[in-house]
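**Student:** In case you want the letters, here they are:
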Amino acid sequence: MLFLKSALSAAAAGAAMALMSAPAMAYTAYITNEKDNTLSVIDTEKLEVIKTVKIGQRPRGVVLSKDGKWVIVCTSDDNIIQVYDAKTLEFVKLLPSGPDPELQILHPDGKILYVANEDDNLVTVIDIEQGKVISDVPVGVEPEGMGISPDGKVLVNTSETTNMAHFIDTTTYKTFDNILVDSRPRVAIFNAEGTQLWVSSEIGGTVTVINPADRKQIAKINFEIQGIAKEAIQPVGVRITKDGKKAFVALGPANRVAIIDVATFKVEKYVLVGQRVWQLYLTPDDKLLFTTNGASNDVTVVDVAAEKAIKSIKTGRYPWGVVISKD
Amino acid sequence: MLVLKRTSVRRAAVAALVLTMPLTAPLFSGLLMAPGVLPGFLGAAPAFAQDAPPAADAKTPDAAIPDTKAPAAKTTPDAAAAPEANTAAKADSKPILEIKALYVRQDREQPLPLSLLDLPAADNGIAGANLAIADNNTTGKFLNQSFKLDVIESNDVDDIIKQAKQQIASGANYIVADMAPDALLKFADALAAEPAIIANVGSPDDTLREENCRANVIHISPTRTMLADALGQYLSWKQWRNWFLVSGTRPEDKALADAFRRAAKRFGSKIGDEREFAYDSGSRRSDGGFEQVQQQIPPFMQNAKDHDIVVVADEGQLFADYMPYRTWIPRPVAGSAGLTASSWHPALELWGATQFQNRFRRLNNRMMSTLDYDSWLAVRVIGEAASRKQTSDYKVLSAFIHSPEFEVAAFKGVKTTLRAWNGQLRQPLIVSGAKLLVSISPQPGFLHQFTELDTLGIDRPETKCKAYAK
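Chains as they are written, first to last, in the working numbering: chain A, 1 to 327; chain B, 1 to 470.
Be a bit skeptical, because a hint or two may be false.
Stated by the list, open to error - What follows is a list of derived Cβ distance ranges for each label pair:
{"no.": "1", "chain 1": "A", "residue 1": "LYS230", "chain 2": "B", "residue 2": "LYS186", "range": "54 to 62 angstroms"}
{"no.": "2", "chain 1": "A", "residue 1": "LYS230", "chain 2": "B", "residue 2": "ALA469", "range": "21 to 29 angstroms"}
{"no.": "3", "chain 1": "A", "residue 1": "LYS230", "chain 2": "B", "residue 2": "GLN166", "range": "37 to 45 angstroms"}
{"no.": "4", "chain 1": "B", "residue 1": "LEU436", "chain 2": "A", "residue 2": "LYS51", "range": "53 to 61 angstroms"}
{"no.": "5", "chain 1": "A", "residue 1": "THR195", "chain 2": "B", "residue 2": "SER403", "range": "29 to 37 angstroms"}
{"no.": "6", "chain 1": "B", "residue 1": "ARG460", "chain 2": "A", "residue 2": "GLY68", "range": "51 to 59 angstroms"}
{"no.": "7", "chain 1": "A", "residue 1": "LYS266", "chain 2": "B", "residue 2": "LYS389", "range": "25 to 33 angstroms"}
{"no.": "8", "chain 1": "A", "residue 1": "LYS69", "chain 2": "B", "residue 2": "GLU98", "range": "47 to 55 angstroms"}
{"no.": "9", "chain 1": "A", "residue 1": "MET25", "chain 2": "B", "residue 2": "HIS448", "range": "43 to 51 angstroms"}
{"no.": "10", "chain 1": "B", "residue 1": "ARG460", "chain 2": "A", "residue 2": "MET25", "range": "52 to 60 angstroms"}
Just so you know, these hints were derived from the structure itself, not from any lab. Glycine included, C-beta positions come from ideal geometry on N, C-alpha and C.
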């Protein structure tokens with residue numbers, strides 16, 4: 001059956017949301033704006049943009065150095081990684097990468113950066129201080145998601161067209177296992193204990209939870225939202241609270257974040273955020289969740305305890321990555 | 001009328017490419033050490049560098065286009081010195097599973113399109129299939145699977161059938177076919193008893209999916225009705241609902257015009273005027289030519305009822321490109337020229353397609369055509385099935401490909417799947433101008449009880465396909 005109806009976008013991006021009190025510490029959130037080539041800096045207490053700075057071309061994945069002094073950004077169209085001072089936002093230096101770096105993750109010791117180079121089927125291993133490539137690890141087609149175990153021993157990369165989670169030994173830079181997941185895996189993340197690895201599959205529409213010890217599947221999470229076409233439910237960003245109780249999954253063009261009870265792997269709630277929500281980050285106190293909404297040019301702030309969106313903050317065009325300072 | 005004669009030119013024959021890609025660890029890391037290999041090429045399709053015969057169309061890595069920005073440091077000693085580092089440890093113990101695919105191309109006499117930009121490359125389609133083989137093998141090296149593609153090319157359908165049967169006997173169960181509709185039917189019927197799936201990439205003909213559907217054929221290319229609906233939905237969304245339909249005289253043009261009429265009716269547009277462009281396709285080019293075209297096209301369109309847009313049905317692209325900027329009244333052109341609907345666009349960069357386009361360009365030193373994309377997707381179907389089922393067994397793979405669980409990601413933002421009632425791949429379609437995408441259909445607001453992708457083309461309740469019902 002075919003119905004014709006006037007065009008109307010499902011989610012009201014940044015729909016007027018009642019501003020509730022958010023008793024949180026003032027951290028700093030850094031948002032990469034893919035289209036504008038800028039970084040938006042947000043005060044997490046005021047919930048407003050306090051600074052916007054021009055950076056390299058097509059900034060996407062963003063992390064902070066262990067000491068919090070550097071903002072490290074994959075500037076994909078420059079085929080390089082840029083480092084900025086987290087306080088002054090002045091340019092510090094470049095780090096080498098392969099072509100089209102997209103997502104990156106730090107080793108817990110803070111010395112090594114692992115980068116997924118989407119264009120050449122490699123994960124690049126970089127010594128941050130020396131600014132040198134230490135190794136390359138061949139993986140599947142279009143490497144993207146990067147997760148590291150809390151002890152730093154295991155790096156996991158997902159490859160979007162190969163549809164695998166590649167388990168890499170961080171001492172030998174060898175893959176020791178490759179696990180098939182559903183189509184187009186985007187993000188891989190360990191829980192704080194290191195007992196679960198969560199992998200989101202954008203096109204498959206699922207999240208697979210894997211036991212890192214034996215690489216067996218613990219659970220597969222499906223999503224269903226009334227009134228939203230199944231194809232529009234596209235899991236990308238995943239975050240898990242430190243106590244391991246709640247997980248958040250960004251659902252892309254479904255314009256919602258799913259809140260999952262980790263004990264049962266059941267979806268508790270879908271929170272409406274901005275359009276095409278991709279990456280997520282929690283404040284260090286786990287009180288607020290920030291979501292980047294690419295198609296509506298804003299980030300939505302979700303109150304974790306209340307499970308409610310409290311504010312959408314306008315950023316640059318196509319906000320992509322997000323990271324929040326430790327203090 | 002335009003009187004310039006042109007002779008039909010047969011597509012240049014391509015030497016059959018036989019690519020064997022046993023992607024093993026030493027080969028892969030060997031490439032890391034190979035001197036003169038552009039770093040940007042690394043990992044795209046390692047086997048080309050060492051194994052592929054230097055066929056005219058398979059570009060060596062050195063031919064990779066120079067604008068691929070080289071990273072700072074790539075071939076580090078550490079990576080090169082660790083040959084086994086990079087393969088799946090657990091896969092080493094298993095024997096390699098070989099999965100054979102066959103690409104069948106029927107050489108057809110057909111006039112060439114008008115524009116130099118549209119001339120098909122000699123390996124049009126085959127290059128896309130080869131990229132999918134390389135992609136399948138990158139995944140395959142973690143699963144101990146090796147994919148191989150053989151090519152059969154002939155203008156004689158009986159000869160194609162004979163060769164294909166031999167290949168099937170040697171284990172090639174998956175066939176990508178770029179053939180004319182009548183040839184495809186003859187081919188499919190001749191192979192009806194054979195253990196083979198045929199994936200049609202050569203024809204948009206709706207009857208192949210409907211009254212003439214065959215149980216052993218799946219269809220990767222979109223149909224005329226899907227393409228017309230994709231454009232029709234966009235024109236409806238844009239409120240350009242009053243069309244002036246111009247169609248050619250060839251049977252394909254008439255079928256396409258029918259698809260446009262159907263789309264207009266379905267999505268609330270109307271065709272206020274219609275004209276047939278009887279055109280003797282002469283030589284593709286001559287010195288000059290524009291003088292006469294400039295004189296002849298405007299009066300052809302004179303006195304048509306007022307319209308929002310001219311929709312041209314010219315599947316062979318033999319005259320449609322004469323229309324833009326030469327209409328009698330200032331109106332845009334869509335259909336076979338101007339704003340067109342297609343399964344692919346060489347400038348598509350959505351949904352991670354940039355890397356995909358780059359991989360293709362590095363291998364072939366040209367842009368990816370629609371036939372390349374359709375062929376890539378056809379070969380990815382078997383790759384996806386083999387990696388999910390971890391077998392080369394025809395029965396298992398065929399059953400899985402036809403099952404509702406089967407899906408394949410194809411740089412379309414959503415999964416692509418097969419329609420259970422006729423084996424047609426459902427996918428979003430691109431509505432674009434020459435240089436950039438304009439929109440993606442289905443358009444917002446065109447709803448469907450099962451999937452909005454089924455608002456494009458002939459839907460289950462209307463199907464005339466019987467072979468799939470069994």
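**Student:** For each hint, tell me whether it holds in the structure or not.
**Tutor:** We went through each hint and held it up to the structure:
1. LYS230(A) - LYS186(B): 54 to 62 angstroms: 39 angstroms, violated
2. LYS230(A) - ALA469(B): 21 to 29 angstroms: 25 angstroms, holds
3. LYS230(A) - GLN166(B): 37 to 45 angstroms: For GLN166(B) against LYS230(A), whose Cβ atoms are near 43 angstroms apart, the range 37 to 45 angstroms holds.
4. LEU436(B) - LYS51(A): 53 to 61 angstroms: 33 angstroms, violated
5. THR195(A) - SER403(B): 29 to 37 angstroms: 34 angstroms, holds
6. ARG460(B) - GLY68(A): 51 to 59 angstroms: 57 angstroms, holds
7. LYS266(A) - LYS389(B): 25 to 33 angstroms: 30 angstroms, holds
8. LYS69(A) - GLU98(B): 47 to 55 angstroms: Given about 53 angstroms between the Cβ atoms, the range holds.
9. MET25(A) - HIS448(B): 43 to 51 angstroms: 48 angstroms, holds
10. ARG460(B) - MET25(A): 52 to 60 angstroms: The hinted range 52 to 60 angstroms holds for ARG460(B) and MET25(A), with Cβ atoms some 56 angstroms apart.
In this structure, the earlier hints numbered 1, 4 are contradicted, and the remaining ones agree with it.
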